[in-house]
Amino acid sequence: MACNTFITADIINDCTKRPTRGIYPTAWVMPYEGREYALKTVIGEDNPVYNEIEQLTAPALNFYKIGAEKFALNVGSELVTSEVKRNGFTHKFTGILSQVGNKLLDTMDGIIVIVKKGDKYLCYGLQNGLWKTAQSRMANDNSGLVTVEFASRADMEEDYSEYYFNAVYNNYSGKSLTAQSIELILSIAASINSPNWEIDISGGTNAAIGTWSAQAVADKATIIANGGSVINNI
Amino acid sequence: MIQINYKDRSFIIEQMTEEDKEILKAEKPELYEKHFKDSKELKNKKKK
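Which chain is which? The protein sequence lines are U and R, in order.
Position one of the first sequence corresponds to residue 1 (the working numbering), numbered consecutively onward.
Position one of the second sequence corresponds to residue 1001 (the working numbering), numbered consecutively onward.
These are computed hints drawn from the structure, not numbers from a lab.
Hints are supplied without guarantee of correctness; some may be wrong.
Mimicking DMTMM-like on lysine to aspartate or glutamate, the simulated pairs with C-alpha atoms at most 25 angstroms apart in a straight line are [claimed, not checked]:
hint : chain 1 : residue 1 : chain 2 : residue 2
1    : U       : K175      : R       : E1033
2    : U       : K175      : R       : E1019
3    : U       : K117      : U       : E78
4    : R       : K1021     : U       : D200
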């Protein structure tokens, strides 16, 4: 049976926000290996444009941050057509970094990247990972900064052009979230003003609040001020 | 230890008084059940 390529809902032009370029200069990166995500396609609901990720069945979720300046991070996708299978998308993530210590960046490969664009969090390389395709630093070029590029491998495309990352799943009780992962989850929740957030990041070996960043603590306060609740280890 | 925060409330599960538990039960019954109902049931089972 052929894969379904029929259109099943309206494609909506979002006129509510003026389109702008760029993403926030922070990316959250997790290893592709060991990911336990499932895709949940949402059409005609709250976010008609994006495909939502149904979250975390993994006991541990370890995100690490890549910080950069202004427009130094870039993400995107490109269509790959095929005569013998359903069309796919090549995802790409690039960064120009003033990076201290090369070791981690030099060895890092096979990643999933989450970035923030406006008030949405987008995910790249979810299904098949992003793999390093270029890395260079020339002392006399580009202020001596490191340029690094990760992309989908040939014949390892993604089904969709981008994924919408949502923290709708709130129960991380008994898991082993790092402080960085907690920061990401709280950051997403704080960016959506809702009294319905009930985030449980207690028990297990979830990072205690004393190890969180100041931003994570501030985001927790925002969630509570918005009417939500947070349960955490201390 | 586990901390619960909502509105202006801040409870530490392991240090909650009976009065605190009543407040939690009234305001956030689902959280109360999650953290206290199981342990009560467990105690009752052990008694039997």
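Practice prompt. For the pair we were handed, K1021(R) and D200(U), check the Cα-Cα distance against 25 angstroms.
Written response: Judged against 25 angstroms, a Cα distance of about 18 angstroms means the pair holds.
Item to complete: Take a quick look at whether K117(U) and E78(U) sit within 25 angstroms of each other, Cα to Cα.
Response: 18 angstroms, holds
Fill in: Agreement of K175(U) and E1033(R) with the hint, judged by alpha carbon distance not exceeding 25 angstroms
Since the Cα atoms of K175(U) and E1033(R) sit roughly 20 angstroms apart, the hinted pair holds (cutoff 25 angstroms).
Worksheet entry | Given hint E1019(R) paired with K175(U) - CA-CA distance at most 25 angstroms | 30 angstroms, violated
When each numbered hint is compared with the structure, a violation occurs for hint 2 only.
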